[in-house]
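Undergrad: Read off the chains here:
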Amino acid sequence: MEVPVVGRSDGQKVGTSIRVPRRMLALSALLLIANAGMVPALAMKPAHRRTAMAAIPAGRYHPLYADGMPALTVGAFSMDRRPVTRAQFLAFAHANPTWLKGVDAGASAPDRPMTGVTWFAAGAYCAAQGKRLPTTAEWEYVAAADEHRRDATRDRSFSQRLVALYTTRPEVRAGGAGERFTNVYGVSAMHGLVWEWTSDFDGGREEHAGHQMAGMKHDGGKHEHMLFCASAAIGASNPGDYAAFMRYGFRAGLTRTSAHQMLGFRCAANG
Amino acid sequence: MRVSTSPLAPSTFTSRFGIVTLLAVLALLFSVSLSGCTSQADAAEAGARNAVPVRTPSEEVTGQEIAIVTHAPNVPPPITRTHPTRVIVNLEAVETVAEIADSVKYAVWTFGGQVPGSFIRVREGDLVELHLHNAKGNTMPHNIDIHAVTGPGGGATASLTMPGGESVFTFSAMNPGLFIYHCATSPVPMHMANGMYGMILIEPKAGLPKVDKEFYVMQSEFYTKEAFGTPGMSHLDMEKGVEEKPTYVVFNGSVGSMVGDKALQANVGQRIRLFVGNAGPNLTSSFHVIGEIFDNVYQEGGSVATQHNVQTTLIPAGGAAIVEFGAEQPGNLIMVDHAIFRAFNKGTLGMIKINGPDNRKVFAAVKGLGLAGE
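Protein chains in written order, with the working numbering: chain A, 773 to 1043; chain B, 189 to 562.
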């Protein structure tokens, strides 16, 4: 049938009209109705997402292995305020038993960060919440903050403080997933509780696991030796940031199927 | 024509016998010397090649054995084997808590559970198969750079190991000598400051001359926020490390590690060899044994005794030395870093107790307070 593009109350046609098959019209109407329910959801975040996540504004940061390169821009996003707990992950895993495999599913320590899960499991949990793992750039960007400053990494005493947190013996660490300091973004326990998964720790290319710095293009192995011996200090944008070296050093040994008692995760979301 | 024989008339000689003869003689001399140059050049060339060899691994490596590794101050026994073999070495990175001084605890990272790490002993030409294990309870990845290795990172690039994991690499022990090994995971100074170092001896093919006692001594530093001797848990101070201001400078991982009933023991008449390493991470050592003189010093841990009758020898950070001496007199020999404040105030002091009969011809106290006691 013919659908007038512009019509007048007197039915006079103005402008051109488009021939629209009846089937298409019906289908369009159906799609519109089906998606109508999305409109309110898009307009506001679910309550649990609002309180459990912090809004991180866009900004710039210098990755550790990018001396001389321009700073990276991190777009605005949301980050979980705390690492995912055992209770949270196991509730998901019981509902999706394929993710129970190989995981310590005991009921003890429900508020401790969930650890010993692979990158795949962590990603699946986040996806089930409508979230995702943060990128290394996003994670490091938030990790640069202390209680008062968005970027405390140039302050040597901050690096010292983090090193002290990282080197506390595991059996001495105590507390639930929310302990360790809360930074200026309202995000807690980024340091010292557990190491955390990121979506692109291996540069997004599985075969480069252990050799790739997230956020940097693979450049034929030039940076492979960056992690070892004193050459690690060459090209590092902040050689005094021992805490960052430790984190990059830890990620360098990971593969997507690594599961480690000190390795947990938290989720992020766009916007 | 008369030829003048007067030395005052050379022009006459040359004018007669002449230019031609002179030129002929010169030409002869020139060609002779040239041919001499050529063979000399060949010899020099060959000498140069021998002086800087481009080494090759052993042609034949037969059999295999598992290396005996030891904790300081003990050393595995000398090698009696006369052929190259595959030597399997197992090292485990262990993060633990140790006492670095009386009542002073520190979270150390180790090879083999102690600071310093295990002593490895192989023979020149061996094929070493290095297994690096990272204990399951550890929090950090670790690797190893062995100074005896010809290869990328000294093995570090091939051996990055996550907790719970294992890496393996092989290397040909082509250079004899005494070598440091250490963890080289970024940030390297932190891993070294926390105690991840040890030594490997590559015995020369002919072996080392026989001695009666061999010991393993490793000098190293600890940098702590807490003042020297503060009881309780001490924590790494990276700032002090950067400033090169250690709190503790010790032998074998702790103040007093070789003092009192832990002193090294030997007898008068015995020949003693010390394998001494300096792990740093920062300081150079001025190694001296009070009451003795080194008869032989293999400077910098090389394979040849380069100096004799030495009082104090320099050991660079990340280096080693072998010193040998005969025990001629009973008493306590004191090993020190002769940068003497370190010995007295920071812990670089160890003892070798020599037992046996006195020899007053070697030393005799004649008059004064020294007659009353030791």
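Worth flagging that the hints you see were computed from the coordinates, not collected in a lab.
Among the hints, a few may not be true.
Simulated coverage check for chain B against chain A, where a stretch passes if three residues somewhere in it have a Cβ under 8 Å from a Cβ of chain A [unchecked claim]:
{"id": "1", "segment": "299-311"}
{"id": "2", "segment": "350-357"}
{"id": "3", "segment": "365-376"}
{"id": "4", "segment": "444-454"}
Backbone N, C-alpha and C define an ideal beta-carbon position, used for all residues, glycine too.
Undergrad: Please write out, lowest number first, the hints stated earlier that are contradicted by the structure.
TA: Those not satisfied are hints 1, 4.
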